[in-house]
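Trainee: Sequence:
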Amino acid sequence: MARAVRRAQEPRDDAPTSRRTQVERRDEAERRILEAAALIVAENGLEAITLAEAGARAGYSRGLPSHYFKTKADLLSALGAYIIDSF
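If you read the sequence shown in the UniProt record's numbering, its first letter stands for residue 1, the second for the next number, and so on.
Since the hints were derived computationally from the structure, they do not count as laboratory data.
The following label-pair restraints were derived from C-beta to C-beta distances:
| no. | residue 1 | residue 2 | range |
| --- | --- | --- | --- |
| 1 | E43 | S18 | 33 to 43 Å |
| 2 | G45 | R19 | 32 to 42 Å |
| 3 | D74 | N44 | 18 to 28 Å |
| 4 | A56 | Y82 | 16 to 26 Å |
| 5 | N44 | Y82 | 16 to 26 Å |
| 6 | V23 | G59 | 17 to 27 Å |
| 7 | A48 | R19 | 34 to 44 Å |
| 8 | V23 | E47 | 27 to 37 Å |
| 9 | A73 | R19 | 33 to 43 Å |
| 10 | E24 | G63 | 19 to 29 Å |
| 11 | E47 | T21 | 30 to 40 Å |
| 12 | E47 | Y82 | 14 to 24 Å |
The beta carbon of each residue, even a glycine, is placed where N, CA and C say it ideally should be.
Construct the complete structure from the given sequences, taking the supplied hints into account.
Mentor: Written out as structure tokens, the structure reads:
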């Protein structure tokens, strides 16, 4: 029994390393929200975008964008920076 416990505690060389970190998950969520926001703006203009719609369109809860971008202005500012950085 003790031997099995020791093996479980030792790191495995063949263990998959594909688990994403919290930072990676956050970066992906922000990127997906910004891409969804860009599509909404392209389709309907600046006035049509809401934080909730960007979250829903990105496949997340409607409230998640409010966690990352406190206001619509913050979202649009981040979107502008994202677009500039993409080119």
